[in-house]
Amino acid sequence: MINRKWTCWLAAAALAALAAGCSKSGNQESTSEQPAATTAKKAVDPATTGSISGVVKFDGAVPKYKPINMSADPNCVKANAKPVFPDEVVAGDGGALANVVVYVKSGAADYSFSVPSDSATLDQKGCMYTPHVVAVIAGQQLQVINSDATTHNIHPTPADNREWNKSQPPNSPAITDTFARPEVAIPVKCNVHPWMKGYIAVLANPLFAVTGKDGKFEIKGLPPGTYTIEAWSEKYQTLDQTVTVGPKESKTADFTFKAGS
Amino acid sequence: MPELPPDDPIKSRSFANAILIAVFVLLLCVSWSLYQEFIGLRPWRSYQNRFASAYSGYVQKQMQARKAAEQQVESAPEYKKLEQTLSDATAAAKTQDAVIEKQIALVDEQRAAILHQFQEDRSLVGSLIYDYEVSPSPSRLEEVKNAKAKTYAIDWPEDGGKTVRKEFNYDQLNDTFNQLLDAKAQLTAREGDVDKPEKDAGDAVAKYLAEKLPGLNSSQLSGLLKTVQQMDVKLIQINVNPPGHEINDIGGVGLTDRCQSCHVGMDPKYVPAAMTLTKADLGLQKSNDAPFSSHPDPQLLQWHSLEKFGCSPCHGGNGRALVNVTKAHGRYADWLWPLYYPENFEAGCQQCHSADAWTEHAPALNEAKILFRDRGCTGCHNYAGFDNQDEQLKNTQREIASLEKEKADDNLKIPQLNKEGDQAPDNATAQKLYAEATDLTVGVSKIDARVEQLDDLSHSLLQEVKRVAPDLKEVRMKLNPGWIPYWVGHNWEFDPATKMPQFRLEPDEIQAISAFIWQQGIKGPALEKQPVGDAAKGKDLFNSLGCLACHSLGEGAQRVGGDFAANLSRIGEKANYDYLVRWIHDPRVRTRPYCPFEHRDLGPEDYAKHGLPYQFDLEHSRCPNDGHELVVEQATVMPSFRLSWQEARDIASFLETQKHAGAHYDQAGFLNDSSLADKGKALVDHYGCAGCHELSGFEDAARIGTELTTEGSKPIGRFDFALLYTKAQDGILPDGKESPRGSWYDLKGFFDQKLANPAIYDTGKYKPNPMDRLRMPKPNLTSEQRDALVSLLLGSTESTLPPSYQYKPADQRRYIQEGWWIVTKYNCIGCHQIDIGQKSVLMGLPMYQSDQAINLPPVLTSEGARVNPEWLKSFLANPALNPKDEDRNGIRSYLKVRMPTFYLSDDEIRKLVLFFEALSSQQEPYIPQRLAPLTETERAVARGIFTSPAAPCLKCHATGNLAHDKNATAPNLVLAGTRLRAPWTERWVTEPATIIPGTAMPSGLFVRQGDRWVFNGPLPSAAKQYKADEAALLVRYLLEMTPQEQAALGGRASLAAPKTAPKAGAVGGMK
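Quick mapping for you: the protein sequence lines, in order, are chains A and B.
All residue numbers for the first sequence refer to the working numbering, where the first residue is 1 and numbers rise by one.
All residue numbers for the second sequence refer to the working numbering, where the first residue is 10001 and numbers rise by one.
Simulated from the structure, these hints should not be mistaken for laboratory data.
Predicted model, so just to flag it, every value in this text is computed and none were measured.
Heads up, a few of these hints could be off.
[Unchecked claim] Straight-line C-alpha distance at most 20 Å; calculated EDC-like pairs for lysine to aspartate or glutamate:
(1) B:10432 / A:160
(2) A:41 / B:10426
(3) B:10407 / B:10374
(4) B:10407 / B:10436
(5) B:10432 / A:163
(6) B:10499 / B:10605
(7) A:197 / A:234
(8) B:10419 / A:177
(9) B:10499 / B:10448
(10) B:10432 / A:254
(11) B:10413 / A:163
(12) B:10419 / A:183
(13) B:10419 / A:123
(14) B:10419 / A:163
(15) B:10150 / B:10171
(16) B:10529 / B:10586
(17) A:166 / B:10439
(18) B:10523 / B:10762
(19) A:82 / A:123
(20) B:10737 / B:10699
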């Protein structure tokens, strides 16, 4: 009995592998074809969409940070009236955790979403990245601006996307670029100012939110379905939850990271 | 009746006659073979016997003469005096020697007496001390003390053969033993001192004899005579067989050489290296069959030992054959390497020395190589080793073009790959595609780096590419148009010594070629108009600057100067004055730069498009359109003399006077006939004019002639004697005369006739179309030059000798080899003596004879040892030693003859510096000797020497003071520190004449005292305290010389040079 079942599974797996192989080679031949275009995607019906909201918290003490020593660049010292602390963990009241990307990790692959034409902005201000974590959709324009009186370089070091490194003197035009592949999240560094670190979260769809200081998030526009929701934190990695959303339903999902882990 | 038996065939038939005949035949055969064995096949036996008898007579005569001479010398009073000194010294030394030897003998006895006991005691004490050291204890210490205190009785020998019994303890034994060792050393040294006069006297006698009677002495001669008389007549054979080759590997690398079996005089056993032997010596000068002379150039045999080379590898011939002269000399149909005729002996050198531009002891070959380049043979014929920068340049440019293409393709592909990556179905595929794009990006940057390098290489190569003939793109600016067709058709008439060969052209061809040349010429930008100069001043400059090292003036017997460049006697008939001025001022200047990528000459409009000034030179050598290296200079070896415009005008004005009275050229209207251009262009292409000239549309033209690198290896059947085949075999020359050497159906004959007149191989052929005729032009050669070139071609073989015979040194000598190519390319030897014994052109000119030789450019035989290579580099790059390229000589400002600027490429400079260093056996890299700074006392002594009336240095050496330097004849010593090497300078101040015979620098400034040089003149009394080497001191002083020091000496120097008193301010002008 069991044996037969396994055999079936194996056969199915082999078939799937074959099919994958075929579709792969097909793609290599006609590269302009969209990978997802093999199966027609559904449009989202705005009348039926629901939402998920919640609060991201963390359980434990806020790490103690020393003020950043910016004396290497007087322009950076000048730009900040008060001492600046690293923004690796930004906590609100009651253990609320900011800068967490909450997004639909799976469950929305069958829907097509349009890439928004407006761009996301990453500012370099006071020799820090604002926001610390910026989220874009794959293919969406990211605009990087320099509000400082010093030269920065923007150096994303992705795992799945193309790496680049561009210099941006003060008062120069914004640098715009896109990231083609979803990746949560790409570290960004400035090699001139080693303390500067930020993240670019590249998402497959617009079903995401980034928590503010209150730890709250709300993901809107979810077509009815079951989703794996992931919360990504720079410091505390990820937490997943499965949430089923019915038509026009608003669900709640809270996440609590364990600070010790 | 008995029945008669039938005829017994055995009884009745006899074979006697047949057998008799057979016996005779057999006998004949045997005697014939015996004859062949001992005489017929062994003609060398008779040669050796003849040699032995003739030579023993000669040696005998020599021996008698030598004996008589020796007796005469020995009876001379000087010799007697020397001999007397010797015998006195021997006698004087004898008594003292006897005493010392006796003392030594006693010391030896004493040493022997204690040796055994001392060694035994030492081992005992040693072992006890070891025990004590390993485990110390009072009892062991006691044992050591006891052992040391113990005494031994020894029979101690004393003077006079007595022995005394003496007691020695350990310490006494030890001390005595050491004392004896010292005593013996002292005695031996004293014995040496005592014997020194005897040894010196003996040396003096030997030296006297060697001076008066060089060569073998009578007893050596008598030994030689014995050797010759007892000569063992046998085959003399040299076998050199590299591994894997049999002795009889005919035509292979196995060398078997039996030439010396007949050429017995080559054997150093019979004719030692100290002797030479000629036919006349043997009384055989009239004989045509006396191959007994020794080698006329023994130096060559020292370099090429007979044991390794034998004779045939250098001389040709069949080294194995012995049956007769023809066979041995390889002068028969089947042998590919016949013996070279005497006028072509140096062909043998070329076989292994093909990588040389200059081979010592091969003057004809050297001349041939200079001719081959200078006459433009290389314009049509490839020959490995000769300048091929043009080919390298073409290859480089091709490579750049293909890299640019590759880069463009990659640049298209990179965004494509990134796009594919963005759209890839999974991250792994995306990563692979992104990585591919990144790799390509890096690849493109590598292409950029390579292109950059190739552009630099092009820059260097463009500087190195030289053409033997003028740039014809500039004809319209340079030439009198009417002269052009005359020259094309009658160049030998205009200048009988011209380098340009004579082409076989029909009148219509002359017109077409002239028209094409005229029409392809560039038309501007127009030349600057030049005012007229002073021809008389120009003449002085022309004669004194050194122009005559390359150019000549005067026709026929009046011709003076070098053959390297054109004769200028009639230049006034052809050249435009404004052009000449520009050319003389700086021959590198082009009217338009040429872009090898766009294949055209750029003009001001190309620069204006990019908002750039119309400026192109070595610093501005990139194309404004595409950034690639341009041809910014004329491809001429003529250097710049760094003249002022006025001087250039003076010289040009003088040259314009160089013309025949009443010379007139008709205006040639057809020059502008555009219908002739196509035909002209085809003819220019056909005759390969672009091999030597730069012509629009032919910048990349390939060489049209046969490659000649291995021409001498071609079998005779591949040379087309055409209708002269039978004549050549019959020994009838093309002009109908008989060939002095009989058949000329061989390579030598072919080359010789081809060079004399290439057209002869068209003799008797029906070729109505002139373009079907052989196109090689007739080169302008004397018969000696032809012989030299024939030697070069005969020696141009694919050598059958092992690679180890080839002269391709991997050590420093390689730099010498490489350097000579540059030295001969720029004709450095026109002005300088570089190789010992080599004469420059200037050395032979009337204005540099006897006391005027002092005005010659410096001799460079020791240049590598003399100067710091860093200095030499900067000097070769800019001989003015001044960033402004001033109108002067940088180092010898007092000479009128000027070291011009050659604008050598960096690579050429590097090779020349290494060349000079290698020629003087200097190690590379150069690490200067560290010289201790002078102390105040030393400086005072050195100043004393420097300003002494016995060494008035500043009387001749320049100081930078114009008034003083008017009379200067030697370089400014302020430059010594950066320029000179200390060891050379020391040899120079002590014995300059050994380095450069005839130098103005006096010898004998210092004398040798013991092991140091001492100044040979009055010195301040304080200086007498100086006990070290004074020449070395002066050198340290010179190499520390500063303008301030030289100025400070002004007052004192004026004692030596009363007319001048250089002041500090004047010296300050020196930078």
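Hint check:
Among the hinted pairs, residue 10432 (chain B) with residue 160 (chain A) is consistent with the structure: their alpha-carbon atoms are about 10 Å apart, no more than 20 Å. In summary, the hint linking residue 41 (chain A) to residue 10426 (chain B) is supported, as the alpha carbons are separated by about 18 Å, within the 20 Å threshold. For the proposed pair residue 10407 (chain B) and residue 10374 (chain B), the alpha carbon gap of about 41 Å is over 20 Å, so the pair is violated. Restraint check for residue 10407 (chain B) and residue 10436 (chain B): satisfied, since their Cα atoms lie roughly 15 Å apart, inside the 20 Å limit.
At most 20 Å may separate the alpha-carbon atoms for a hinted pair to count; residue 10432 (chain B) and residue 163 (chain A) meet this at roughly 13 Å. Among the hinted pairs, residue 10499 (chain B) with residue 10605 (chain B) is inconsistent with the structure: their alpha-carbon atoms are about 38 Å apart, more than 20 Å. As the CA atoms of residue 197 (chain A) and residue 234 (chain A) are separated by approximately 11 Å, the hinted pair is consistent with the 20 Å bound. The straight-line distance between the Cα atoms of residue 10419 (chain B) and residue 177 (chain A) is roughly 14 Å, inside the 20 Å bound, and the hint therefore holds.
Distance check on the hinted pair: residue 10499 (chain B) and residue 10448 (chain B) sit about 43 Å apart at the alpha-carbon level, beyond 20 Å; violated. The suggested pairing of residue 10432 (chain B) with residue 254 (chain A) is violated, with an alpha-carbon distance near 38 Å, which exceeds 20 Å. For the hint pairing residue 10413 (chain B) with residue 163 (chain A), the CA-to-CA distance comes to about 18 Å; that is within 20 Å, so the pair holds. Our distance criterion of 20 Å between C-alpha atoms is met by residue 10419 (chain B) and residue 183 (chain A), whose separation comes to about 17 Å.
Of the pairs offered as hints, the one joining residue 10419 (chain B) and residue 123 (chain A) is violated, with about 27 Å between alpha carbons and a cut-off of 20 Å exceeded. For a cut-off of 20 Å, the pair hint linking residue 10419 (chain B) to residue 163 (chain A) stands: about 14 Å separates their Cα positions. Taking the CA atoms of residue 10150 (chain B) and residue 10171 (chain B), the gap is near 10 Å; set against the 20 Å cutoff, the hint holds. For the hint pairing residue 10529 (chain B) with residue 10586 (chain B), the CA-to-CA distance comes to about 16 Å; that is within 20 Å, so the pair holds.
In summary, the hint linking residue 166 (chain A) to residue 10439 (chain B) is supported, as the alpha carbons are separated by about 19 Å, within the 20 Å threshold. For the hint pairing residue 10523 (chain B) with residue 10762 (chain B), the CA-to-CA distance comes to about 40 Å; that exceeds 20 Å, so the pair is violated. Between the alpha carbons of residue 82 (chain A) and residue 123 (chain A) the distance comes to roughly 19 Å, so the proposed pair stays at or under 20 Å and holds. Distance restraint check for residue 10737 (chain B) and residue 10699 (chain B): the Cα-Cα separation of roughly 44 Å exceeds the 20 Å cut-off, and the hinted pair is therefore not satisfied.
Consistency note: the structure conflicts with the earlier hints numbered 3, 6, 9, 10, 13, 18, 20.
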